[in-house]
Structure formats: C-alpha cells, structure tokens
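Undergrad: Given these sequences and hints, build the entire structure.
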Amino acid sequence: MNLDVQGMLKVFDAIGETMAAHKEYLTELDSAIGDADHGINMNRGFHKVHDKLSAGSYTDLGALFKDVGMTLMGNVGGASGPLYGTFFMRMSTKLAGRQDVDTVSLADAMEEGLKGIVALGKAQLQDKTMVDALTPAVEALKKASDNGVDLCGALEAGVAAAQSGMESTIPLVARKGRASYLGERSAGHQDPGATSIYLILSTILRSVKESS
Amino acid sequence: MNAILVVSHSAEAARGIVAIASQMAGERVGIAACGGTDDGELGTSVPSILSALEGLLETSDGVLVIPDLGSAVLAARTAKDLLGERAGRVLIADGPVLEGTLMASVEASVGAGLDRLAAVVDETRGLRKLQE
Chain X
1 MNLDVQGMLK VFDAIGETMA AHKEYLTELD SAIGDADHGI NMNRGFHKVH DKLSAGSYTD
61 LGALFKDVGM TLMGNVGGAS GPLYGTFFMR MSTKLAGRQD VDTVSLADAM EEGLKGIVAL
121 GKAQLQDKTM VDALTPAVEA LKKASDNGVD LCGALEAGVA AAQSGMESTI PLVARKGRAS
181 YLGERSAGHQ DPGATSIYLI LSTILRSVKE SS
Chain S
213 MNAILVVSHS AEAARGIVAI ASQMAGERVG IAACGGTDDG ELGTSVPSIL SALEGLLETS
273 DGVLVIPDLG SAVLAARTAK DLLGERAGRV LIADGPVLEG TLMASVEASV GAGLDRLAAV
333 VDETRGLRKL QE
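Chains as they are written, first to last, in this note's numbering: chain X, 1 to 212; chain S, 213 to 344.
Fair warning: there could be bad hints in the mix.
Claimed, not checked - Listed below are several chain S residues computed to face chain X (Cβ distance under 8 Å; list not exhaustive):
| hint | residue |
| --- | --- |
| 1 | ASP250 |
| 2 | GLU253 |
| 3 | SER257 |
| 4 | VAL258 |
| 5 | LEU286 |
| 6 | ALA287 |
| 7 | ASP306 |
Simulated from the structure, these hints should not be mistaken for lab results.
Virtual Cβ for every residue (Gly too), placed ideally from N, Cα, C.
TA: Following this line, the structure appears as structure tokens:
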C-alpha cells in the first residue's frame with residue numbers, strides 16, 4: 001500500500017504522541033551527555049506541527065512536509081530544530097506534487113533529507129549523532145526500494161537498521177554537538193538524536209501497519 | 213555599510229547585547245537582535261532569523277551573524293541557505309558573542325568588510341579583562 005496525504009497526517013499525529021510519551025526519556029538521555037532539553041524540544045516542536053497541520057488543508061505531500069519543516073525550525077529551539085527542519089524541508093522538495101508515497105519515493109525523499117542533515121551538521125558516521133541511526137535506515141530503505149519491497153516491509157527493514165544504528169552510538173565518543181565537550185565521558189550513553197530518529201521511524205511503521 | 217545580527221537562545225540576552233553595542237557604535241550601524249523560539253521559549257528560530265536577515269539586507273551591503281552557541285550556528289546557517297542568491301551577502305562569525313558584537317559594531321561603523329568583521333569577532337577571544 002501507499003501512504004497518502006490523510007495517512008501522512010495520521011503519521012505526524014502519531015509522531016506527536018510518541019514525542020509526548022517519550023519526552024522524559026529523551027530528556028534523560030540528553031541530560032547524561034547534552035543539555036537535557038531534547039525531549040522537551042522535540043515534544044514542543046511536534047506539538048506545534050500538530051497545530052499547524054490541523055489548521056491547514058493539504059492536497060500534496062510537498063506542501064505538508066514543507067510546513068512540518070518550517071514549524072520545527074521555528075519551534076524546537078535547540079540544534080534539532082534546524083536539523084529536523086532541514087530533513088523534512090529537503091524531503092518536501094522530492095515530494096512536491098505527490099499525493100502519496102511508495103517505497104521508492106519515500107526512500108528517495110529520505111535520502112535527500114539525510115543529505116540535508118549531513119550538509120548542515122557536517123556529522124559523519126560514528127560521530128555519535130542522529131546520522132548514526134538515519135544513515136543505515138536510509139540504506140535499508142534504498143535496498144528495499146531496489147528490491148521492490150512494499151512500504152511496510154521497507155519500513156520494517158528501516159526501523160531495524162535505525163535501532164541497531166541507535167544502539168551502536170552507546171560506546172561511541174561524541175565528536176559533534178554539545179556531547180563532544182565531554183570527550184571520553186560521552187561513551188556509555190545512547191545518543192538522544194539517534195534515539196529520536198528511531199522513535200520517529202518506528203512510529204511511521206506502526207502508523208502504516210495500523211492503516212493497512 | 214555592513215550590518216550585524218546577534219542570535220542568542222534568549223531574546224533578552226540578544227536585545228541587551230545589541231543595546232550595549234548600539235551605544236558604542238552609534239546609530240549608523242544596523243544592529244539587530246534575534247532570540248528565542250517562535251513562542252518566546254529559550255532557543256532559536258530559523259524563520260525569525262530569516263526575517264531579521266531579510267530586513268537588514270534591505271538597508272545594508274551585507275550582514276555579519278554572531279551566534280551565541282553551536283545550535284544557534286546551525287539555525288543561522290539554515291536561515292542563510294534559505295536566502296538563496298542573497299546568501300553570499302551573509303557571513304557567520306565565531307567568537308564571544310558580547311565582546312565580538314561590540315568590536316565588530318565599531319569596526320562596521322568605519323565601513324569594514326564582512327571578512328574583516330568576522331576576523332575581529334574571532335580576535336576578541338583573546339581579550340583580557342583583568343590586567344596584570
């Protein structure tokens with residue numbers, strides 16, 4: 001099945017609920033190696049996304065993703081604002097004019113979003129950032145796309161890859177962002193940004209499963 | 213003449229720094245403050261930085277952005293990218309936000325270019341307050 005505009009609105013509502021439910025958890029992860037605001041910021045940002053999307057009416061996914069991106073950029077507050085904002089804005093350029101997404105178009109859009117995050121944050125793999133979860137997830141989606149896997153199967157592979165990417169950040173020493181100020185002391189903690197990537201992807205999967 | 217935009221996580225901090233710098237540099241230099249999220253929480257907002265940049269660019273040759281912390285740098289860089297062709301008239305500086313803004317404002321008032329302004333901000337890193 002494909003994910004249409006109505007389905008995508010449900011996805012973002014579900015992401016908002018996930019962020020509200022995991023606000024304390026993400027903030028706790030961030031208090032170990034950052035400035036203890038990731039959960040609060042993500043919850044605030046996606047709450048605003050919910051308000052923005054509820055007030056709008058959308059016929060194309062490009063406009064929907066652009067509003068998500070700009071809302072996050074103005075309301076998240078920390079570094080995640082520009083990073084997640086750029087992710088969804090860059091996805092919107094690939095989704096412009098589309099009424100729905102399948103595996104191929106979602107993988108393509110997410111690859112574009114990842115490029116935006118990397119260009120802005122300049123993080124590489126194993127820097128202990130969101131890129132460590134997002135890169136393998138995008139690779140899994142691209143592989144599923146090449147193999148003609150349906151959206152559900154592709155997202156399952158993407159979520160599994162994001163989960164192992166997220167867990168792989170635990171022993172790493174941070175080389176980007178606030179956590180890098182801690183040097184060796186950042187090792188032994190799971191990266192909050194990689195965790196929010198995993199939470200978002202697993203919510204998309206759950207939402208797609210529920211509506212199929 | 214070039215203008216200056218102070219980007220802080222706090223709207224009050226940005227405004228306070230701009231107030232001090234404006235008094236030193238005089239009214240000829242455009243110095244603007246941008247801080248807080250769209251709801252006025254602590255943080256930075258890309259759309260608000262973007263509109264501040266657009267405003268300053270209308271009346272100046274270029275804008276030097278002076279951010280307070282790393283995430284303000286990311287927000288400033290994102291806003292700059294959204295300017296399209298005008299992005300070439302914006303430069304982001306790296307250095308102490310208060311001292312850097314003061315020195316760069318004075319330098320801007322005598323017509324210095326953006327590269328020079330950014331260098332001045334960087335140099336304020338070594339300023340000492342206690343004289344031995």
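Undergrad: Taking the closest Cβ pair, is S/ALA287 under 8 Å from chain X?
TA: With a closest approach of 5 Å, the S/ALA287 hint holds.
Undergrad: Can the hint on S/VAL258 be confirmed by a CB-to-CB distance to chain X that is less than 8 Å?
TA: 4 Å, holds
Undergrad: Hold the hint about S/GLU253 up to the distance rule: shortest CB distance to chain X must be less than 8 Å.
TA: Where the cut-off is 8 Å and the nearest Cβ of chain X is about 6 Å from S/GLU253, the hint holds.
Undergrad: How about S/LEU286: closest beta carbon in chain X under 8 Å, or not?
TA: 4 Å, holds
Undergrad: Is the shortest C-beta separation between S/SER257 and chain X less than 8 Å?
TA: 4 Å, holds
Undergrad: Go through the hint on S/ASP250 and say holds or violated, using the shortest Cβ distance to chain X against 8 Å.
TA: Result: holds, 4 Å to nearest chain X Cβ.
Undergrad: With a cut-off of 8 Å, does the beta carbon of S/ASP306 approach a beta carbon of chain X closely enough for the hint to hold?
TA: 14 Å, violated
Going through the hint list in order, the structure does not satisfy hint 7, though it satisfies all others.
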